[in-house]
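Peer 1: Each chain is listed here by its residues.
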Amino acid sequence: MAEREECTGLLEGEDDSESSPSSSKYCSSEKQLPACCDPSRLLHRIVVLIFMCFLGFGSYFCYDNPAALQTQIVQDMDLNTSMFMQLYAWYSWPNVVLCFLGGFLLDRVFGIRTGGESLAVAQNTYAVSWFKGKELNLVFGLQLSMARLGSTVNMNIMGWIYSSVKGLVGSPGHTTLGITLLIGCATCIFSLICALVLGYLDKRAEKILNKEQGETGEVIKLTDVKDFSISLWLIFIICVCYYVAVFPFIGLGQVFFIEKFNFSPEQARAINSVVYIISAPASPVLGFMVDRIGKNIIWVMCAVVTTLAAHMMLAFTFWNPWIAMSLLGISYSLLACALWPMVAFVVPEHQLGTAYGFMQSIQNLGLALISIAAGYILDNHGYLFLEVFFSACVCLALIAVVMLYFVDLLRGGDLNLSAKKRGQLQQISDTEAEQRERLLQQNREDLARLRPMSAFGLRNRYLSRLGAQVQYGGND
Amino acid sequence: MGSVCREDASLRYDADPHNPPSEVRSDALFREGLTQSGQTTYTPRLIALDLKEASTVSVYSWCNSATIWEYRDNSTDQSQAAADSYFPPYSLEEFTWEDLNRTLNHSALTAQLCGRNQSQHRGRVCFQISAFESWGRDPAWPRLLHSANSSQLRFVIEGVMPRSNCSRFALELLSIDSRDHEAREETHRSIDDEYTPSIFQVSQLVSVHVNSSAPVLSYAQWKPVAYRTASPVFEDSTPCRHSPSSPPLPPPRLGLALAFFGGALDQGYRASAVNISFGIPGEPFYNATGYLSWSCLLGLGSPPEDSFSPLVLGIMVVGLGTPALLLLVGGAYVCVRRLGRQQPGYAPIN
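Which chain is which? The protein sequence lines are D and Y, in order. Just so you know, the first sequence maps onto residues 253 to 728 in my numbering. Just so you know, the second sequence maps onto residues 2 to 351 in my numbering.
A hint or two may mislead.
Ranges between beta-carbon positions, derived for each pair [what the hints assert, rightly or not]:
no., chain 1, residue 1, chain 2, residue 2, range
1, D, 696, Y, 330, 50 to 58 Å
2, Y, 242, D, 570, 16 to 24 Å
3, Y, 330, D, 574, 45 to 53 Å
4, Y, 312, D, 665, 37 to 45 Å
5, D, 574, Y, 290, 36 to 44 Å
6, D, 572, Y, 311, 43 to 51 Å
Just so you know, the hints here were simulated from the structure itself, not pulled from any lab data. Keep in mind it's a predicted model, so treat the numbers as computed, not measured. Glycine included, each C-beta is placed from N, C-alpha and C at the ideal position.
Assemble the whole structure, with the sequences as input and the hints as a guide.
Peer 2: And the structure:
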């Protein structure tokens with residue numbers, strides 16, 4: 253999101269006890285709506301923000317249910333680890349296609365949201381629509397934090413819910429598991445209610461404020477894929493190789509900590525959720541730091557190397573795993589802050605939607621395949637080999653980062669600029685754009701003045717040169 | 002395997018006082034028993050493995066399983082089972098054993114000895130013994146690494162009727178050592194679980210000189226895992242626990258012990274016992290599958306140690322080396338290009 257217009261639509265809505273003609277134009281009505289129901293007031297937008305955040309909570313809560321209940325699912329349903337990991341794989345398969353189509357559907361039939369990853373696209377649209385401007389960063393950060401909070405809460409209470417239900421039912425088994433999962437999906441129903449409320453509020457604000465639909469520019473065109481530069485493809489590789497070493501690991505992590513480090517199930521769940529707990533407050537902070545300092549590729553390299561160190565610590569030593577998991581959490585946040593904005597630096601704005609949609613699609617494809625592979629590896633070769641496999645994936649990402657650094661350096665690209673330089677370049681390009689705009693304007697004016705003379709005017713000029721009497725008042 | 006055949010050949014029923022006693026006291030090593038069809042037979046109580054081309058085989062310690070315990074596991078935490086939850090144990094001396102010669106495989110150097118209790122009609126307890134000629138790894142889980150100085154013993158309970166709804170089994174390992182040696186029980190943590198997924202420990206019962214821990218004279222090594230089906234997958238493993246080594250006991254007056262050590266048993270030797278229980282609270286009981294198998298490696302010298310497989314080492318070397326190599330090569334290339342570009346086409350004017 254490199255360029256953002258300062259839209260006056262909703263930001264100045266705070267001081268509108270009387271109608272302010274420069275900002276929102278809404279039908280003047282005699283009765284004032286109360287502050288929390290008025291779409292142009294800050295309080296109402298805070299209410300909308302709360303609903304937006306809880307929209308993602310339910311989805312991410314349910315995504316990580318299998319991780320929190322791995323032992324119980326495997327025992328009660330008599331699965332092996334490969335079959336268990338297919339629960340994650342089947343989340344990702346539809347999202348490979350839906351991310352692509354999601355943006356398209358959004359534009360065509362505004363208001364239909366399908367699936368978990370398309371939910372992210374939908375949330376982005378709502379956010380841009382309501383908070384376009386300087387608040388957008390904060391809103392994105394808060395949404396990510398709430399999503400990760402949902403995952404954390406899931407990790408820590410699902411085990412407790414299972415034990416309580418087991419006490420009620422009397423024995424473990426698929427009945428107990430079923431009841432537990434039903435309680436879990438109550439949060440999804442809660443998210444659904446949030447979505448419906450948001451939809452209603454959005455339609456209502458549309459009517460009251462007569463505002464334009466916020467466009468994120470995500471019109472997906474499949475043919476744009478062939479125009480991607482090599483830097484962009486390297487960024488895709490980094491994204492896929494990195495995330496497949498984080499999410500499947502968290503999915504299988506609980507039993508790993510129980511077996512290798514002799515943790516109790518509660519401790520194992522707590523440490524498994526540390527990655528999300530850390531990323532919730534760290535994402536805004538690290539994003540701010542990357543904004544100030546710039547040099548995105550260096551930060552991405554740091555994040556990848558730190559993740560590699562964390563995986564090797566977990567594989568080859570018995571050191572306290574809290575250290576490794578904290579490192580993993582910090583590097584995961586750092587990578588998210590530094591990698592995704594790079595896409596906006598290499599891709600022109602009209603292709604941004606395609607690029608992000610494609611990135612999400614192949615990320616989900618990678619997650620689906622690697623989830624199944626991880627389950628198979630664990631069943632046959634154990635945890636050490638699994639950790640070595642994840643380290644190899646991170647090494648692939650590291651190779652891609654190094655190549656990206658050199659490609660960028662040799663082509664004189666601007667991915668690795670410091671923030672100061674990038675600001676200067678932005679200023680220069682802005683002044684250049686301004687000059688070009690002025691030149692164009694002048695040309696247009698000149699062209700207007702060089703209008704060809706009409707026949708009457710031509711005759712008048714000829715006659716005045718001759719000294720003859722001219723007749724004025726022709727019809728030009 | 003040679004000594005088994007030697008004992009077979011020296012069996013005599015006639016107690017001729019003029020014949021010199023054979024080097025092996027058959028009466029201690031074999032006893033009378035009944036086959037399933039009710040015929041009298043002479044069944045072995047001990048399998049002694051003779052190591053090929055060993056000049057002297059001095060037996061420092063002597064390992065035997067004498068009893069199988071069954072207990073009812075009602076506990077919800079990992080504390081010990083209460084004393085009253087133990088059923089009367091199965092003593093292996095009272096078992097009827099099948100004919101060993103039928104299962105003896107000379108080329109693969111394996112044998113299987115199966116026996117059953119009088120009260121059991123279908124269930125049986127088996128000991129599968131394998132001897133080895135070189136370094137290698139067992140193909141079946143737990144895939145213990147063995148050397149030429151070791152042999153593997155696999156203990157299987159199959160089809161035995163459990164005496165309660167929540168039964169678990171435990172095995173008693175008895176070790177008899179001379180007085181200047183002691184049996185010590187150790188547990189090592191290992192980061193490598195490639196060959197036994199999710200097992201990060203190795204347990205050993207080693208025999209060392211008193212007051213020194215090296216060199217290890219003989220060992221019994223096992224991984225704390227048992228399997229609940231005949232061809233197990235990852236989910237069929239169940240953890241084992243073993244008790245700490247008991248303080249030295251006077252050696253039991255078992256016929257076998259007397260046969261091996263002779264009259265010096267009481268003065269020169271001491272015994273210690275380790276109980277190995279299969280399954281912990283939270284794991285499925287024996288009743289779920291009716292099958293249990295556990296493997297143990299017995300041998301002379303130091304116990305073998307696992308190391309990383311070449312595949313793991315290869316992956317790490319390639320994975321870490323390639324980015325480092327790329328950085329070096331790329332950095333060198335960039336430097337060379339920068340130096341090349343700095344050639345001034347024109348000399349500066351001022």
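Peer 1: Falls inside 16 to 24 Å, the C-beta gap from residue 242/Y to residue 570/D?
Peer 2: Since residue 242/Y and residue 570/D have Cβ atoms about 20 Å apart, the given range 16 to 24 Å holds.
Peer 1: How does the Cβ-Cβ distance of residue 572/D and residue 311/Y compare with 43 to 51 Å: does it lie in that range?
Peer 2: 30 Å, violated
Peer 1: Is it true that residue 312/Y and residue 665/D lie within 37 to 45 Å of each other by Cβ?
Peer 2: 38 Å, holds
Peer 1: For the range 45 to 53 Å, tell me whether the beta carbons of residue 330/Y and residue 574/D fit it or not.
Peer 2: 38 Å, violated
Peer 1: Do the beta carbons of residue 574/D and residue 290/Y sit within 36 to 44 Å of each other?
Peer 2: 37 Å, holds
Peer 1: Does the Cβ-Cβ separation between residue 696/D and residue 330/Y fall within 50 to 58 Å?
Peer 2: About 54 Å separates the Cβ atoms of residue 696/D and residue 330/Y, which means 50 to 58 Å holds.
Violation of the numbered hints given earlier is confined to hints 3, 6; the remaining hints are satisfied by the structure.
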